[in-house]
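Enquirer: Residue numbers (the numbering used here), protein chains in the order written: chain A, 1 to 154; chain B, 1 to 176.
Everything labelled a hint here was simulated from the structure, so no lab data went into it. Be aware that one or more of the hints could be misleading.
[Stated by the list, open to error] Listed below are several chain B residues computed to face chain A (Cβ distance under 10 Å; list not exhaustive): (1) L29; (2) A39; (3) V134; (4) F166.
[Stated by the list, open to error] Label pairs and their calculated CB-CB ranges: (5) B:P96 <-> A:K126: 23 to 31 Å; (6) B:V101 <-> A:L25: 53 to 61 Å; (7) B:P40 <-> A:D61: 17 to 25 Å; (8) B:N17 <-> A:V76: 42 to 50 Å; (9) B:L170 <-> A:L25: 53 to 61 Å; (10) A:K73 <-> B:L18: 49 to 57 Å; (11) A:M30 <-> B:P96: 57 to 65 Å.
Heads up, the beta-carbon is just placed ideally off N, CA and C, and yes, glycines get one too.
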Amino acid sequence: MSASMSHDSSAEPNLTPMLDMVFQLVTFFMLVINFKGAALDLSLKLPVLGSARPLDTEGHDELFVLNVDAQGKLKVYGIEKDLKSYIASEARVTAAKLSTSNSKFKAGDELPTMVVLRADKGIPFKLLNEIIKTCQEHGFRRFSLKAMTKAEGS
Amino acid sequence: MRFRRRHRKSKEEVELNLAAMLDMAFQLLTFFILTFRPAPIEGQLSLNLPPPVPITNVAAEQPADSGDAGMASTNSLVIAIRADHDGNVAGVSVGPGRAFVGPANAYNLHELDRQLRVLFGIQHTPYDQVLIRVAPALRYEDLMKIIDVCTRQKLPDGTRLQKISFTELLEPGATN
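So here's chain A without its partners, still in its complex pose:
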């Protein structure tokens, strides 16, 4: 027994609702994506401090992020860098930018950039102090010490 049927019309799914949903998802991910997050080394274990508040610069301040592990090594986008030369080069670039935009700025003046220090909670003060002193020697005065507001997993 065979039953052969021939159809002229083909069944096509309506793709419009699926496209709508996918575009909504794309919109969501576009809005929440944060490219600056790539500058953060998420493997670091920051100290936990309940009173720490999120950094709100309202987009006015320039941030200079330093990820420092427990051995005092600096990592920039996952690549290990020499701390002193990196800070010196950043200070030079910032000073050059300021001197072109602000005629009153002189070499050796205080830099308005905020140093965001993301250091591992196990780093001894001796190493941390070296970093802070190096930044100060190159004109940085404003510091933001990063901490977790609550312990991971809690």
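Once you have looked at the hints, place chain B on chain A.
Expert: Positioned in the frame of chain A, the structure of chain B alone reads:
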């Protein structure tokens, strides 16, 4: 000038091929899902760290007119933090007095906070910044607890204390 519009009646319906657009949208979606990293909830402590100056024989109660060029000549309250072999806090002293001996637990930190409130609450207090002398081995985690207590203090004008300096606490017998 009026244009005539020709109305064409046709039975043919124009249908967009949505499959290609859907393919592209899925590719975009895949990219965003793969690169999505939710930012961790991080807080921060803002500090205004004054430029480094040479420090010699810092004494908390040193008179301001002593002529010493070190930081003690400014209105700094000196807090010294000692550490044990594991890098934990072993004791904290405020000025010439002892704040607490032992780890930086909640009770001891509360005691430190109480002492600092008394010092900064005095009218015409001579202090407008804190100099923290830290044992080199002290871990950053424990240091942050002390800094947190310091940044909670309010100056007589109502502003929060933000000027904090750090220096290494040298062991007895070591030369500065």
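Enquirer: Of the numbered hints stated earlier in the document, which are not met by this structure?
Expert: none
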